[in-house]
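Letter by letter, the chains look like this.
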Amino acid sequence: MTQALDTRWFDPARWNVLIGILFFAAFLAVNIIRARSGSNLYVRPIAGLEALDEAIGRATEMGRSVLYVPGLSDMTEVGTFAAITILYRLAQRVAEMGCDLDVPCYDPVVMTVLDGAVREAYSKAGRPDAFRPGSVHYVSAQQFAYVAAVNGYMLRERPAANIYMGSFYAESLLLAETGALTGAIQIAGTDKVTQLPFFVCACDYTLLGEELFAASAYLGKEPIQLATIIAQDWAKALAAAAVVLALALATAGHTGLTTWLKIG
Amino acid sequence: MIWVRKLLAIDRRIIFLLVAVGVTVPLLFPVNLPITVTPRVQAAYDAIEALPPGSKVLVSMDYEPDIMAELLPMSVAVLRHCFRKHLQVIAMTLYPAGTGLGERALREASKAEGAVRNRDFVWLGYKSGFQVVMIGIGENLRGMYPVDFYGTPLDSIPILRGVNSYRQMAMVINLSGSSATDYWIQFAQGRFHAPLVVGCTAVMATDYYPYLSSKQLLGLIGGMKGAAEYERLIDTFGDARRGMDAQSMVHLIIVLLVVVGNAALFISKRSGAGGAAGAGAGGAGTGEPGPGGAAR
Amino acid sequence: MRRGPLLVTFLTGIAVAALFFIPNYKAQAVNSKLLEWTLVVYAFALILGSVSLWNSHARKVKNRSPGWGFSLVTLVSLLVITTLGIWKGVEEKSPVGQIYNTVNSPLASTMFALLAFVIASAAFRAFRARSLEATLLLATAVVMMIGRVSIGEVISHHLPGITEWLLDVPNLAAKRAIAIGVGLGAVSTALKIILGIEQSYLGKS
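Protein chains in written order, with this note's numbering: chain A, 3 to 266; chain B, 20 to 315; chain C, 5 to 209.
Hint data in this document are derived by calculation from the structure and do not stem from the laboratory. For glycine and all other residues, C-beta sits at the position ideal for the given N, C-alpha and C. Any given hint could be a false lead.
[What the hints assert, rightly or not] Chain C side only, calculated, beta carbon under 10 angstroms to chain B, not exhaustive:
(1) ASN28
(2) TYR29
(3) LYS30
(4) GLN32
(5) ALA120
(6) PHE121
(7) PHE128
(8) PHE131
(9) ILE150
(10) ARG180
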């Protein structure tokens, strides 16, 4: 019944992952150095993020709130971190423009982190007094109970802008379609590929996959943050080159690279 | 062209009503439309079919009542196949509300195939924590589950004699509507190299196609359609095959709605009413095209 | 002030990333223990959630905000379920178990079932042939919707094959491309957090 205990201190099947991460870290370091030396780092415009200001402005003009839904995952999902960083930037604009913000949360830990980030954002915008305690609040850790509560809020309060950022599952269309019914401007972004078509159908703007992770850097415009996006693009170019090379070699009958690229 | 504008901005409650009729009528008056078996479901069936009688199979039914329409018939079909092949099933769930559903699937399948608890299957019930449980089973099943769902010590259950990790199991079958599947792939297959078959909701299915290509999954059963295909393969007529008529009808209604909507848009454009009608039908209130542009 | 949390994030991030490469049973025991700690932390975090839920709805009831009646129902439900759970337990046959199975589960199933209706409504609004790309999307959607169900087989026996090809080739190619981007974005975000470049989760830019 007892199994042989694994006493190895490194799994050789994972060399490929380690090398990939080291490459990424190197790209990051090079681009941070470039950013610090004052190089001009260009990042293409992302329509969904450009529209955030318009959405907040519209809410302010109409005297209605901005609803921010930070996804239905916990702190173990990177998508949740993206949702937190975007909210931090968004809350600063909301505070500057002086409209109301409502953030219903699915996870209590995420709620605590978001509450701190929003308070800090209001302070940074010079409007700590404008922060409304309870604007970041817990709803339910049950998927459809959460949907019922948020949909009810949309139908009763009619927020002028609904922003969905983070990791979403089957609730994506239920939320976005209700938002469309209320006539709100809707901007979504998710790393869950399966849910992207639903958001594209029901929202005005959708951030596709990696754009969600680039959003925080894009909104902040700090050079070091922008450097991370450039590093990401370099890594993507490397991944594409590896795929093309592996494909060419496999076609020529050499499957060594294809095998090596598999994660063990 | 008032009627065209009205059609483009049709009250969604009318659409809801059409869908309700489309679901209800075929369930009341079934037509029994034919089912074609797709390669992915066939692969799942073949993988289970190839196991020798007496092999131990871990079946994790990780779903709650919200998606039982898709996954309960799938569970029953897969379990019936296992029992028919005289495979010994170790069943469990990672969701608290999945206990009732897992028990129900086992009850229905065992009754249909004459399987007996503790001789042909064991029900471990619910345990919280995805990764913890999956790693725990890989290291020491009895450490994770000292007793089964009914309080019987695992050591006194005949089919579990000599079974204490994935190594003694011929296959893991995960039936799930959540990210639990990702963890099964990552831990049971990736870390412990257990052969894995997955059944999931239709919307999730395409996420796992790459794992089939890379042979990390032996087969994939997607949604009610996949369950209906499986029922056909094991030659039974369950809830999935009954549900396929309703699903066909609803798809047909949606296609007809899309065709009618586009015809109305075409007419409105020719009569110069496109802008107003388009904005009205846009629904989101801005009247602007989204970046997904095409989709709006 | 924030050096402490940043250091904890850095050390934990590096340690957990390293554990991915170390199969040694002792290291993996540490990994399992860390995962168990996560569960414990989350159990305690639920208290925070409950307090937030209570405060948020109590405020609405106190101020007689629009819809305060719903808030009252939430508060009463929270109290009743918590009391019953502590008093009678949460097993299948307990009152909480019964309420979960007979009230909560059917409500959750109903919410999920609404998807069928909203998908129809969203498809009607979204699938409009306004451009070449939109027309291609529309045509593909129609073929998929018909070809993926039994009626497709009745209409043409080629349809299921066409849908399989659409799923296996163009769909998978696009999904893989997006997935690679998402994966790299996730790695980038994780590195930014571990290295302290991104600190807004601590309330700092």
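Going through the hints against the structure:
1. Look at ASN28 of chain C: its Cβ only gets to about 13 angstroms from chain B, farther than 10 angstroms, so that hint breaks.
2. Given the 10 angstroms rule on beta carbons, the hint for TYR29 of chain C holds: about 8 angstroms separates it from the nearest Cβ of chain B.
3. Taken as an interface hint, LYS30 of chain C does not check out: its beta carbon lies about 12 angstroms from the nearest beta carbon of chain B, beyond 10 angstroms.
4. Taking 10 angstroms as the C-beta contact cut-off toward chain B, the hint placing GLN32 of chain C at the interface holds, the least distance being around 7 angstroms.
5. With its C-beta approaching chain B no nearer than about 6 angstroms, ALA120 of chain C sits inside the 10 angstroms limit, and its interface hint holds.
6. Taking 10 angstroms as the C-beta contact cut-off toward chain B, the hint placing PHE121 of chain C at the interface holds, the least distance being around 5 angstroms.
7. Among the interface hints, the one on PHE128 of chain C holds; its C-beta lies about 5 angstroms from the nearest C-beta in chain B, closer than the 10 angstroms criterion.
8. For PHE131 of chain C, the interface hint holds, since its Cβ comes within 10 angstroms of a Cβ in chain B; the closest pair sits about 5 angstroms apart.
9. The beta carbon of ILE150 of chain C is positioned within 10 angstroms of a beta carbon in chain B (closest approach about 6 angstroms), and the interface hint is therefore held.
10. Look at ARG180 of chain C: its Cβ gets to within about 6 angstroms of chain B, closer than 10 angstroms, so that hint holds up.
Hint compliance for this structure: hints 1, 3 are broken, all remaining hints hold.
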